[in-house]
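Using the hints provided, position chain R relative to the given structure of chain B.
Chain by chain, the residues run as shown.
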Amino acid sequence: MSDLLKVSSSPHVRAKDDTTRIMLYVILALMPTTIFGIFNFGLRALALVVVCMATCVLSEYLFEKAIGKKSTVGDLSAAVTGLLLALNLPHTLPIWQAVIGSVFAIVVVKMLFGGLGQNFMNPALGGRVFLVISFAATMTHFEFDGVAGATPLALLKSGEAVNTIDMLIGRTGGTIGETSTICILIGAIILILLGVIDLTIPGVYICSFVVFLVLFGGHGLDSTFIVAHLCGGGLMLGAFFMATDYVTSPITPMGKVLFGICLGVLTGIFRIFGNSAEGVSFAIIFSNLLVPLIEKVTVPRAFGVTRVKKPKEVKANE
Amino acid sequence: MGLRTFKGGVHPYDGKELSKEKPTKELKPQGEMVYPLSQHIGAPATACVSVGDTVLRGQKIAEAGGFVSAPIFSSVSGSVKAIEPRRVATGDLVNSIIIESDGKFIETGFEGCEDYTDLSNEDIIKKIQDAGVVGMGGAGFPTHVKLSPNNPEKIEYIIANCAECEPYLTSDYRSMVEEPEKLITGMKIILQLFPKAKGLLGIEDNKADVIASLQKLTQNESRIEVVPLMTKYPQGGERQLIKACTGREINSKMLPADAGCIVDNVATINAVYTAVVEGKPVMDRIFTVTGDSVMEPRNFRICIGTSCKEILEAAGGYVRPPKKLISGGPMMGFALMDVDVPTTKTSGALLCLSQDEVSSFETTACINCGRCVSACPENLIPSRLSKFSDQGDKAEFEKWYGLECIECGSCSFACPARKPLAQAIKTMKKMVLADKRKK
Numbered sequence: 440m441s442d443l444l445k446v447s448s449s450p451h452v453r454a455k456d457d458t459t460r461i462m463l464y465v466i467l468a469l470m471p472t473t474i475f476g477i478f479n480f481g482l483r484a485l486a487l488v489v490v491c492m493a494t495c496v497l498s499e500y501l502f503e504k505a506i507g508k509k510s511t512v513g514d515l516s517a518a519v520t521g522l523l524l525a526l527n528l529p530h531t532l533p534i535w536q537a538v539i540g541s542v543f544a545i546v547v548v549k550m551l552f553g554g555l556g557q558n559f560m561n562p563a564l565g566g567r568v569f570l571v572i573s574f575a576a577t578m579t580h581f582e583f584d585g586v587a588g589a590t591p592l593a594l595l596k597s598g599e600a601v602n603t604i605d606m607l608i609g610r611t612g613g614t615i616g617e618t619s620t621i622c623i624l625i626g627a628i629i630l631i632l633l634g635v636i637d638l639t640i641p642g643v644y645i646c647s648f649v650v651f652l653v654l655f656g657g658h659g660l661d662s663t664f665i666v667a668h669l670c671g672g673g674l675m676l677g678a679f680f681m682a683t684d685y686v687t688s689p690i691t692p693m694g695k696v697l698f699g700i701c702l703g704v705l706t707g708i709f710r711i712f713g714n715s716a717e718g719v720s721f722a723i724i725f726s727n728l729l730v731p732l733i734e735k736v737t738v739p740r741a742f743g744v745t746r747v748k749k750p751k752e753v754k755a756n757e
Numbered sequence: 198m199g200l201r202t203f204k205g206g207v208h209p210y211d212g213k214e215l216s217k218e219k220p221t222k223e224l225k226p227q228g229e230m231v232y233p234l235s236q237h238i239g240a241p242a243t244a245c246v247s248v249g250d251t252v253l254r255g256q257k258i259a260e261a262g263g264f265v266s267a268p269i270f271s272s273v274s275g276s277v278k279a280i281e282p283r284r285v286a287t288g289d290l291v292n293s294i295i296i297e298s299d300g301k302f303i304e305t306g307f308e309g310c311e312d313y314t315d316l317s318n319e320d321i322i323k324k325i326q327d328a329g330v331v332g333m334g335g336a337g338f339p340t341h342v343k344l345s346p347n348n349p350e351k352i353e354y355i356i357a358n359c360a361e362c363e364p365y366l367t368s369d370y371r372s373m374v375e376e377p378e379k380l381i382t383g384m385k386i387i388l389q390l391f392p393k394a395k396g397l398l399g400i401e402d403n404k405a406d407v408i409a410s411l412q413k414l415t416q417n418e419s420r421i422e423v424v425p426l427m428t429k430y431p432q433g434g435e436r437q438l439i440k441a442c443t444g445r446e447i448n449s450k451m452l453p454a455d456a457g458c459i460v461d462n463v464a465t466i467n468a469v470y471t472a473v474v475e476g477k478p479v480m481d482r483i484f485t486v487t488g489d490s491v492m493e494p495r496n497f498r499i500c501i502g503t504s505c506k507e508i509l510e511a512a513g514g515y516v517r518p519p520k521k522l523i524s525g526g527p528m529m530g531f532a533l534m535d536v537d538v539p540t541t542k543t544s545g546a547l548l549c550l551s552q553d554e555v556s557s558f559e560t561t562a563c564i565n566c567g568r569c570v571s572a573c574p575e576n577l578i579p580s581r582l583s584k585f586s587d588q589g590d591k592a593e594f595e596k597w598y599g600l601e602c603i604e605c606g607s608c609s610f611a612c613p614a615r616k617p618l619a620q621a622i623k624t625m626k627k628m629v630l631a632d633k634r635k636k
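Protein chains in written order, with the numbering used here: chain B, 440 to 757; chain R, 198 to 636.
This is chain B alone, in the form it adopts within the complex (with noise of 0.2 Å):
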């Protein structure tokens, strides 16, 4: 009896993508605007991303090894924040202020919540916000071609004209990785097709924002303010690349119609009438702690469930 074989409960089959292979298809959908932002910035660009990554997984790697915990640093995850919070850096930051944020972002939001799964807001957007709070000065300083200067939305914020070519293509002063739209909707395109976001939550966010903005603007229907609005302050790689962060956003559909409603009106006040001239990181993580709530109130009816009372009458096609 001793080659009975093993039982279980089906299903018996599984699907290929695991949680592994997901995080990678992110690190490969970021890789555009990441040789995007290392080509625009420099080397300078490409030490900060290995720093963080670096950082990330070394940080989730010890902190599971201080308290004991079996390490999870395999699934990707921490290597993805790691590179997230880098293209959310200006490249000349200096390296020191990185490895805080990185550390910040893996232990305080990530590891003190339960690790993967549990963290109550984007580990990268945390880390960030926690260094725009330090390090105001750095974290604002931007450079184009080696000269300071504003971004093109702080630039649009005082009046003044931007190109918008220039930031579809990304040649423009910003964070590593938000400057170049085409780059950044490359890798979109590379998320969808592998199926590992669907269009709900960047559609209604950036529907909802462009909707805000005409509202609201003060510029109507302004064709080069609205798309200076979309490609500027890292509205795309937010609303692609962060927003749709499972761990912090609904899993319910109608959930995530709410979030993406949440997030275009957040960022549209903060932008246009805040005093900051962006306001993404601020509105998705903001939107990150509505979450819980949204779930609650939107548990969608289960199959068939509608129709209890009474079985619909036929169509008269018969």
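Simulated from the structure, these hints should not be mistaken for laboratory data. Don't take every hint at face value.
Listed below are the simulated DSSO-like cross-link pairs for lysine-lysine, each with C-alpha atoms no more than 30 Å apart in a straight line [stated by the list, open to error]:
| # | chain 1 | residue 1 | chain 2 | residue 2 |
| --- | --- | --- | --- | --- |
| 1 | B | Lys445 | R | Lys623 |
| 2 | R | Lys626 | R | Lys596 |
| 3 | R | Lys204 | R | Lys591 |
| 4 | B | Lys504 | R | Lys584 |
| 5 | B | Lys735 | R | Lys584 |
| 6 | B | Lys735 | R | Lys636 |
| 7 | R | Lys393 | R | Lys204 |
| 8 | R | Lys584 | B | Lys455 |
| 9 | R | Lys323 | R | Lys385 |
| 10 | R | Lys257 | R | Lys278 |
| 11 | R | Lys506 | R | Lys225 |
| 12 | R | Lys591 | R | Lys635 |
| 13 | R | Lys506 | B | Lys445 |
| 14 | R | Lys623 | B | Lys455 |
| 15 | R | Lys450 | B | Lys735 |
| 16 | R | Lys520 | B | Lys445 |
| 17 | R | Lys301 | R | Lys278 |
| 18 | R | Lys626 | B | Lys455 |
| 19 | R | Lys596 | B | Lys735 |
| 20 | R | Lys385 | R | Lys413 |
| 21 | R | Lys591 | B | Lys735 |
| 22 | R | Lys633 | B | Lys735 |
| 23 | R | Lys395 | R | Lys351 |
| 24 | R | Lys584 | B | Lys445 |
| 25 | R | Lys520 | B | Lys455 |
| 26 | R | Lys213 | B | Lys445 |
| 27 | R | Lys204 | B | Lys735 |
| 28 | B | Lys735 | R | Lys627 |
| 29 | R | Lys213 | B | Lys455 |
| 30 | B | Lys509 | R | Lys623 |
| 31 | R | Lys596 | R | Lys636 |
| 32 | B | Lys509 | R | Lys584 |
| 33 | R | Lys591 | R | Lys633 |
| 34 | B | Lys445 | R | Lys627 |
| 35 | R | Lys520 | B | Lys509 |
| 36 | R | Lys219 | R | Lys506 |
| 37 | B | Lys445 | R | Lys626 |
Just chain R now, kept in the frame of chain B:
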């Protein structure tokens, strides 16, 4: 192409090419036959033979244990060796009649029917009941009960479940290729019971040849329509099939009849044909032996009661050692610890896989990716339900519609964290339902 289907579902590797092309082979069992007394939903049958009795093929060996029950017939001639509990595919010990075949297959007389259109509804139902026909797709619900709804005049659709959405299984496919007239005649017999109803044959579009041939065969049948469906698991789930074929939705508290539908699987409708036209009880069925461990995957027409072991040997045995044996398909079948279990009316397949991928996977944390949500054909949030199951929170489980789960396994299949979602939900569902019965 705007093929009809339902929302949700998954696309597992279908493995049907292993056994699809080979014609069904007759398998005459040699050894001992085991007939569990509970092969259906409802009261177990009660043995009406004793140890030592001589029986013929087609002889009734157990009486139905009530209205929701079904009689059981011997599929061989021989003598009753024992009546004792035996291990069945689900792992339970079930009281069974053991018959030693004499290898002669001497039949009792069967009374066929020249023209079933002369039969009254009561006669037809009685023939089906007396033949022990049950849902042969796996559920095993007695067919005569299904065909006696409270308001027969409200039945508008008889749906033949020809989807065969479980991966690897090809028995319904072979039957539709080899004996489609049984399915069509069986459908006509059922339609005779419900004069207002229309017959729909719901077939997944991976069986294009069968769709074409059935369309041709039914072109003069005004009451029968072939409905091509999108190939997607669980297209053959009762609620999903009804949705795809008629656009109607039912929930766990309703019967298909509440939506004016009756759903029967191909093998069941074939059994209705055999019972009414040939006057024969349920003794045989088509059975798929497949998987990458099997030497020659194919379909057999087996005598019900034959051991899976014998069927496997008829397929050439193992070509490589199996790591996982499954009675049924990989999505909803039962894992076997040993191949020596009897086939019953509801056994459709033996799947032998050389890899046990599930055991080798490690469960990781839920990342809230929502793949289970998109996969769920019942529009549930499996990740959350499984969490409620872990926490034992019955109230929240019900509030999030946990009882609507059809246990198709799509969520577990899709989960990138390899969490046993369906398994957790199934367990919780049983507990909640048990609580309800107590009240």
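* Does lysine 455 of chain B lie within 30 Å of lysine 623 of chain R when you go C-alpha to C-alpha? -> Holds: lysine 623 of chain R and lysine 455 of chain B sit about 23 Å apart, inside 30 Å.
* Take the C-alpha atoms of lysine 596 of chain R and lysine 735 of chain B, compute the straight-line distance between them, and say whether it is at most 30 Å. => 11 Å, holds
* To do: Below or equal to 30 Å on CA atoms is what counts here, so check lysine 204 of chain R against lysine 735 of chain B.
  => 22 Å, holds
* To do: Take a quick look at whether lysine 213 of chain R and lysine 445 of chain B sit within 30 Å of each other, Cα to Cα.
  => 24 Å, holds
* Asked: Can the restraint linking lysine 584 of chain R and lysine 455 of chain B be considered satisfied, given a maximum Cα separation of 30 Å?
  -> 23 Å, holds
* Within a Cα-Cα threshold of 30 Å, do lysine 445 of chain B and lysine 623 of chain R meet the stated pairing? -> 19 Å, holds
* Asked: Is the hinted pair lysine 450 of chain R and lysine 735 of chain B satisfied, with a Cα-Cα distance of at most 30 Å?
  -> Status holds; Cα separation ~24 Å.
* Taking 30 Å as the top limit, are the C-alpha atoms of lysine 591 of chain R and lysine 633 of chain R close enough? -> Holds, at roughly 11 Å.
* To do: Below or equal to 30 Å on CA atoms is what counts here, so check lysine 520 of chain R against lysine 445 of chain B.
  => 8 Å, holds
* **Restraint status (C-alpha distance of lysine 257 of chain R to lysine 278 of chain R at most 30 Å)** => 16 Å, holds
* To do: Given the hint that lysine 204 of chain R pairs with lysine 591 of chain R, test it: the Cα-Cα distance must not exceed 30 Å.
  => 27 Å, holds
* Asked: If you draw a straight line from the CA of lysine 395 of chain R to the CA of lysine 351 of chain R, is it 30 Å or shorter?
  -> 12 Å, holds
The structure agrees with every numbered hint stated previously.
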